[in-house]
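**Student:** Chain residues, written in single-letter form:
Number of protein chains: 2
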Amino acid sequence: MADTTSMGSSVATDETSELIASNKVEGTTVYNRQGEHLGKVYNFMVNKRSGQVEYAVMSFGDFLGMGGSYHPLPWKALTYDPSQGGYVVDLDKRKLEGAPSYRTGEEPTFDRAYSQSLYDYYGLPYGVV
Amino acid sequence: MADTTSMGSSVATDETSELIASNKVEGTTVYNRQGEHLGKVYNFMVNKRSGQVEYAVMSFGDFLGMGGSYHPLPWKALTYDPSQGGYVVDLDKRKLEGAPSYRTGEEPTFDRAYSQSLYDYYGLPYGVV
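These protein sequence lines are chains H and W, in that order.
By UniProt numbering, the letter at position 25 of the first sequence is numbered 25, and the numbering carries on one by one without gaps.
By UniProt numbering, the letter at position 5 of the second sequence is numbered 5, and the numbering carries on one by one without gaps.
The following block holds chain H by itself, in its conformation from the complex (with noise of 0.2 Å):
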């Protein structure tokens, strides 16, 4: 989450109606459709030559009793709710369960193979915007 007395007014410098700032997005709380805590954003990952973010990292704590993990989401299934000022993930979880994920220290390779593998498992399609 942004320090966001750092840069003085916060609304104009971290968020607009339109836009996040990326230090923002880290951080943020991630919440199912219940409301349950799920975790948060680690970070996320951007196409170098596009611009275009390809998906957030989730760090979950102890979700599910798997000890810590991270689950890569498409952008697209995050949705920001300002109520609970943190992220919705539209997903149950048995679908999260079946989920691409890893711990740490057991990072796959991040190719355009694992990005393709992880749209196909949400049913979005990889490299449209």
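Bear in mind the hints are in silico, worked out from the structure with no lab data behind them.
Keep in mind the model is a prediction, meaning the values are calculated, not measured.
Possibly wrong hints are sitting among the right ones.
No copy labels: a pair is met if it fits in one copy or bridges any two.
Said to hold, decoys possible - Derived lysine-lysine pairs resembling BS3-like cross-links, with alpha carbons at most 27 Å apart:
| # | residue 1 | residue 2 |
| --- | --- | --- |
| 1 | 48 | 76 |
| 2 | 76 | 95 |
| 3 | 48 | 93 |
| 4 | 48 | 95 |
The hints should help you fit chain W onto chain H, whose structure is shown.
**Tutor:** Then chain W, alone, in the frame of chain H:
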């Protein structure tokens, strides 16, 4: 800059040939074409809906003797140079001097008109990936 020790193997998690992690972009040094240190990336602004990065905000400590200032730059104006370990801004000082910028506490409203003016200044089409 990302703490690459916090997620185990660094290359796999914060950068690939195609992708770069948001928290690795932040804090990265920015140079001009002559190899002079200009400042660093403060953060970058992402379109909430599309996930498209609109611009990165450079913080220049005392660049040009103007005091601390922030210069938003279109994503495409930044090129990462592995040999320098930082971004190279392909702009001369004269262009940067006249560019849209602001100081802490004097932030403009980051609306569509501001984005448009920014892209216009750098001669890039706004809204085109």
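**Student:** My question is about residue 48 and residue 93: at a cut-off of 27 Å on alpha-carbon distance, are they close within one copy, between copies, both, or neither?
**Tutor:** between (32 Å within a copy, 25 Å between copies)
**Student:** Could you place residue 48 and residue 76 in one of the four classes (within, between, both, neither) given a Cα distance threshold of 27 Å?
**Tutor:** Both: 19 Å inside a chain and 9 Å across chains, each within 27 Å.
**Student:** Quick one: residue 48 to residue 95, C-alpha cut-off 27 Å, is that within a copy, between copies, both, or neither?
**Tutor:** For residue 48 and residue 95, the Cα distance is within 27 Å only across copies (24 Å; inside one copy 29 Å).
**Student:** Quick one: residue 76 to residue 95, C-alpha cut-off 27 Å, is that within a copy, between copies, both, or neither?
**Tutor:** within (16 Å within a copy, 36 Å between copies)
Hint compliance for this structure: no hint is broken.
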